[in-house]
Amino acid sequence: MTILTFTLILLLAAYSAGLLGSLTGLGGGVVVIPVLTLGFGVDFHYAIGAALVASIATSSGSGSAYVKEGITNIRLGMFLEIATTLGAVCGAAVAIYLNNNVIAVIYGGVLLLTAAMQQRRKSDHEGVVGSEAARRLKLFGTWPQRDGTVRAYQLRNVGGGFGVMYVAGVLSGILGIGSGVLKVLAMDSLMKVPFKVSTTTSNFMMGVTACASAVVYVQRGVIVPDIAFPVMVGVLLGALTGARLLKTMNVRVLRQIFCVAITLVALNMIWQGFSGQY
Amino acid sequence: MISRHIDMQLLLSRTLRWGVGIACVVALVGGLLYLVHCGNQPFNLDDYRHFSYATAADPAYTALPAILDGFLHFTPVGWIQMGVLLLILTPILRVLLSFFSFVEERDWLYAVITAVVLAVIISNSLSL
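Residue numbers (this note's numbering), protein chains in the order written: chain A, 9 to 286; chain B, 68 to 195.
Derived by calculation from the structure, the hints in this document are not laboratory data. Just so you know, not all the hints are guaranteed correct.
Heads up, incomplete: computed chain A residues facing chain B, CB under 8 Å, no partners named [said to hold, decoys possible]:
1. Phe14
2. Asp51
3. Ser68
4. Arg83
5. Phe87
6. Lys130
7. Gly215
By construction, the Cβ of each residue, glycine as well, lies at the ideal position given by its N, Cα and C atoms.
Using the sequences and the hints given, assemble the complete structure.
Rendered as structure tokens:
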């Protein structure tokens, strides 16, 4: 295999990862890891470096659109980023002591949780009475409706959300992925933020969370040009295509197929991790 | 207040888009340069099958001065890694802009919160 062939194959794989990540709302990083480890047999550490690059690219690329539409709750994102960035710093520090098998099992666990969460009903949590802490932190917001009006929402359980966000940050620091599943879990299930606001704010936060550990990973030498270049370009183009397709396409069936696929990948990773094959 | 809120969202949105765009173009230039130079050489996947913290990393991949040097001398590696750094810088710039925006709104609580986030990221990144 020449360098050109490898680059083209990886470019295509990264494009698909970005496309799938954007259509399913999971981000490009989640898909890049199995593509590199299971597909190419690359060491987990390099895959994590690539996932970081992919996470930042998708978050910034698609985030720009959502922020513009005014769905993202910037204050909520910024406040919770304290938890995720601190978590990411800790996660990146801990990652040195974890071998590939442990990382594979953790990653498999996150994937399983992701698949399970995809089955949840998407709720706008109407009539939530916000907590005093949330009011003081000015976390209540509004989001635009289809008919052009805006609707106000309140939220609660700031402490619980903050705690889960810290864990999401730790996982981001270890795995390089955005841990969108935990972020949405914290905002949607605990804090009762409307679903659309949760997902877009989560996406908005991913880039910053990934940045907190990205420089450390560059220094460790796991972000290598051979892999970073096709992943960055491919994932970004895939995410942009996905964002465009999402407006016209019904992705229900795709999400179901994807759910089955990531469950299988997750079980495979956990099995290989426990049997020490990495 | 409302219009300023929207201004800030527009600014953030543009920063993200331009930052990612520029980072991607820089990495793409580096990548094309790389492919033109050595695209037909065999790719050694074995280099990436095992990673060890013990092996000293190539500074051209990992250290800011070496990456900058490569960038200025138009090396493929320098440009790709510079693209990665610009990509990382984009969300950091976003946080910085939010900070100024909160200060301008005299929202001191959020100016402090944003400063904390910025401090965490920068303190963890300083040794590059």
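query = Which numbered hints turn out to be false for this structure?
reply = 6
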